[in-house]
Amino acid sequence: DGGITQSPKYLFRKEGQNVTLSCEQNLNHDAMYWYRQDPGQGLRLIYYSQIVNDFQKGDIAEGYSVSREKKESFPLTVTSAQKNPTAFYLCASSLQGYEQYFGPGTRLTVT
Amino acid sequence: ILNVEQSPQSLHVQEGDSTNFTCSFPSSNFYALHWYRWETAKSPEALFVMTLNGDEKKKGRISATLNTKEGYSYLYIKGSQPEDSATYLCACPYGGATNKLIFGTGTLLAVQP
Chain A
1 DGGITQSPKY LFRKEGQNVT LSCEQNLNHD AMYWYRQDPG QGLRLIYYSQ IVNDFQKGDI
61 AEGYSVSREK KESFPLTVTS AQKNPTAFYL CASSLQGYEQ YFGPGTRLTV T
Chain B
1 ILNVEQSPQS LHVQEGDSTN FTCSFPSSNF YALHWYRWET AKSPEALFVM TLNGDEKKKG
61 RISATLNTKE GYSYLYIKGS QPEDSATYLC ACPYGGATNK LIFGTGTLLA VQP
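Going down the list, the sequences are from chains A and B. With the numbering used here, the residue at position 107 of the first sequence is 107, and numbering never jumps. With the numbering used here, the residue at position 1 of the second sequence is 1, and numbering never jumps.
The following block holds chain B by itself, in its conformation from the complex (with noise of 0.2 Å):
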């Protein structure tokens, strides 16, 4: 089973502030990597799905990197807001199956207003 790391494990920043976080995961054998956002008392949400090397994709204020080669994801948020306040979590499929999914812990961010 591979592993997906997320840092930071949680983050607190003021309404405007921009930020940023990391997935890691090992760059052997990628396929995929998925971004979701989970808000308190909802379903988690998809994102974002990556395939290629040097991907960018962008939602709103959101958007995401990939580095297939050395095994990372950046999600960057620009100009926070409260209603961004979530956990954010990165997942790759793996075991040859694009469907079987193994996921990160997570980062909870928290937007102050």
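Isolated chain A, as found in the complex (with noise of 0.2 Å):
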């Protein structure tokens, strides 16, 4: 089945490590994205690419770096330098210009 798939569903970290979360897509889209949702906020752009090996910061790309090197996978690292890293994570792909089709997300924890 087509689909978008990330991983793991629950991550733990200690502060001051870098993780790195994983965001695979085989809908053959070409544009890929990470938000970022906190309580009674909305989903916030962290960087998408509309092509491999493109990338373009979103809204609040500081302190995470992604890599476009497949068509298939957008991972998305969280650096020690993400002041309030504990969020959920979520990846998009999507046709350029159309609807976006979203992971199931990551919960990360970072005590």
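If you are wondering where the hints come from, they were derived from the structure by calculation, not from laboratory data. Hints may be right or wrong, so weigh each one.
Only part of the chain B face toward chain A is listed, based on derived beta-carbon distances under 8 Å [as the list claims (entries may be wrong)]:
hint : residue
1    : 43
2    : 46
3    : 49
4    : 99
5    : 101
6    : 103
7    : 105
Keep in mind the model is a prediction, meaning the values are calculated, not measured. By construction, the Cβ of each residue, glycine as well, lies at the ideal position given by its N, Cα and C atoms.
Hey, can you piece these two chains together into the complex? The hints should help.
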């Protein structure tokens, strides 16, 4: 079945450690996205990529990094520079200008 | 960054009631309006992408209208069912990029059986 997978579902890390969240899609979509959700706030865009080997910062990119070496994959690294990393992270993909398809999300807890 | 607002923040209705909620966005430089449904423990799912003023889209008991001149969209649910309980999100592209969405904070709908 086509879709987006994110792993793991829950992730726990100690403060000061970098952590990488996985996102894979088999929908043949060019564009992929990372969002963050915090209580009481809408989804906020961290990074997006419209094509392989290219990505753009979203509204809250500080403390995060991404890569897009393959069309299917768009991993997000939460670095130790991110001041408040505990959140729910959603990955999505789309054809250019069309509706976005979302993965199941990863809940990251940093203590 | 443009501001997308949704109201009400939450809504509790009885099974069989019809309901509607609003998404407001700046009317200048409009490109598109997305609606998504996000059920608990599931992924957000696209309902509609609307682009034309006066557009009306329908999927089963759910429909949406768009007024780009005044900057709002309504989402209607006819005869609400418990399975309609979810957070409904709207979003607009911004910054000249068609893929870069800004989301409202959502309307949480709870349908009591």
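Hint-by-hint comparison with the structure:
no.	hint	verdict
1	43	holds, 4 Å
2	46	holds, 4 Å
3	49	holds, 5 Å
4	99	holds, 5 Å
5	101	holds, 7 Å
6	103	holds, 4 Å
7	105	holds, 5 Å
In this structure, every one of the numbered hints holds.
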